[in-house]
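S.K.: One-letter residues, chain by chain:
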Amino acid sequence: MTTTASVIDRLKSRIGVDGPAVMATVEAGHVRRFAEAIGDPNPRWVKEAPPTFLVALAPVSLHLAEAEEYGKGWLNGGNRFEYFAPVKIGDQITATGRIADVYEKSGSTGTLLFIVFETDYVNQRGDLVARLRGTTIRR
Amino acid sequence: MNVKVGEELPDLVKHPTTRQLVQYAGAQGDFYEIHYDQEYAHSVALPGVILHGLLKAAFLGQLVTDWLGDRGTLKTFEVSYRGVDVPAHPYRCRGRVTRVAGNEVELEVWGEDETGKRTTVGTATVGLPD
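Chains as they are written, first to last, in this note's numbering: chain B, 211 to 349; chain C, 48 to 177.
Simulated from the structure, these hints should not be mistaken for lab results.
Ideal Cβ positions, reconstructed from N, Cα and C, are used throughout, including at glycine.
Watch out, some of these pointers could steer you wrong.
What the hints assert, rightly or not - According to the in silico footprint, chain C covers these stretches of chain B (three or more CB under 8 Å from chain C):
id : stretch
1  : 214 to 221
2  : 243 to 249
3  : 302 to 309
Stated by the list, open to error - Straight-line Cα separation of at most 25 Å, SDA-like style, residue types lysine to any residue; simulated pairs:
id : chain 1 : residue 1 : chain 2 : residue 2
4  : C       : K122      : B       : K282
5  : C       : K164      : B       : D330
6  : B       : K282      : C       : R146
7  : C       : K122      : B       : D330
As the list claims (entries may be wrong) - Which chain C residues stay away from chain B? Per the calculated CB distances, all over 12 Å, these:
id : residue
8  : V52
9  : H62
10 : P63
11 : T64
12 : Q67
13 : A72
14 : D77
15 : Q85
16 : L110
17 : R129
18 : V144
19 : E161
20 : K164
21 : A171
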């Protein structure tokens, strides 16, 4: 049987190790459906992507199957976006994600496992357009 | 751009529905059952299906981009999820200017449920043209 400690150790061993790069094109139809889903009618989103769109382009705060041995559900703790250049329709983005941190914390409902993911988004010209840090919690 | 510390952003009130959660699940590609399957949500001790944290982040992103328009660019945007929100209840997004330093403006943003509880809190920084 797997112990809680070994789940944490295994996740910790992956800190800083890049996952496989995911390439995706920023498609007009996808951005439109995303803008409709969030209910944002700004005409700007015909040409560029709204601030949180990158999370839809490539998986970021992965629900790691191996972390599911811990607790019974996932919660999103928070997200931090840093923007360096606009993301436009037609851009080809390469997303590379990694675990940045893993730690346990006691909360009012018991112990929680925090996994911090970091994803870099680079466009077809090699420019870093954004970096995302997401904190995912197992409860 | 004439921005002063203490200036409030115009409120943005959203009316999320279960339908919108399904729409968002599809658009983002997040098919975690707690956002559309009531039975599953109850089985993991939630009050029912809940809003995606990132949907609330998107609402707050709209609050900022609506206010900003083409006056500047978003540099950072950070949100923390402090509580769960369920559909069929209004979600009010609010914000205010907390700092103006040269070409950089810092904002405090938050989302409130209908009781006024801040279930999402965050900050944003925007850069103004030289």
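S.K.: All hints are to be evaluated individually against the structure, with a verdict given for each.
M.R.: Outcome of the hint check:
1. With 0 residues having a Cβ less than 8 Å from any Cβ of chain C, the stretch 214 to 221 of chain B misses the three-residue criterion, and the hint is violated.
2. Under the rule that three or more residues need a Cβ within less than 8 Å of chain C, the assignment of the stretch 243 to 249 of chain B holds, with 6 such residues.
3. Under the rule that three or more residues need a Cβ within less than 8 Å of chain C, the assignment of the stretch 302 to 309 of chain B is violated, with 0 such residues.
4. Annotation: proposed proximity of K122 of chain C to K282 of chain B is violated, straight-line Cα distance about 36 Å (limit 25 Å).
5. Our distance criterion of 25 Å between C-alpha atoms is broken by K164 of chain C and D330 of chain B, whose separation comes to about 33 Å.
6. Between K282 of chain B and R146 of chain C the CA atoms are separated by roughly 41 Å; this puts the pair beyond 25 Å, and the hint is violated.
7. For the suggested pair K122 of chain C and D330 of chain B, the alpha carbons sit about 15 Å apart, so the restraint of at most 25 Å is met.
8. Listed as outside the interface, V52 of chain C is consistent with that label: its C-beta sits roughly 23 Å from the nearest C-beta of chain B, beyond the 12 Å cut-off.
9. Against chain B, the non-interface label of H62 of chain C is violated: not every CB pair exceeds 12 Å, the least being about 8 Å.
10. With a least beta-carbon separation of about 8 Å from chain B, P63 of chain C fails to lie farther than 12 Å from that chain, contradicting its non-interface assignment.
11. The claim that T64 of chain C lies off the interface is violated: its Cβ sits roughly 10 Å from the closest Cβ of chain B, which falls inside the 12 Å cut-off.
12. At the 12 Å boundary, the C-beta of Q67 of chain C falls inside the reach of chain B, the nearest C-beta of that chain being 7 Å off.
13. The Cβ of A72 of chain C does not lie farther than 12 Å from every Cβ of chain B; its closest approach is about 8 Å, which violates its non-interface assignment.
14. Not every C-beta of chain B lies more than 12 Å from that of D77 of chain C, the closest at about 8 Å, which undercuts listing it as non-interface.
15. Separation of Q85 of chain C from chain B is adequate, the least Cβ-Cβ distance of about 15 Å exceeding the 12 Å criterion.
16. The Cβ of L110 of chain C sits about 10 Å from the closest Cβ of chain B, inside the 12 Å cut-off, so the non-interface label is violated.
17. Distance to chain B contradicts R129 of chain C as a non-interface residue, since its nearest Cβ pair spans about 9 Å, not more than 12 Å.
18. Taking the minimum C-beta to C-beta distance to chain B, about 18 Å, the non-interface status of V144 of chain C holds against the 12 Å cut.
19. No beta-carbon of chain B comes within 12 Å of the beta-carbon of E161 of chain C; the shortest separation is about 18 Å.
20. Here K164 of chain C stays apart from chain B, with its beta-carbon at least about 16 Å from theirs, past the 12 Å limit.
21. The Cβ of A171 of chain C does not lie farther than 12 Å from every Cβ of chain B; its closest approach is about 9 Å, which violates its non-interface assignment.
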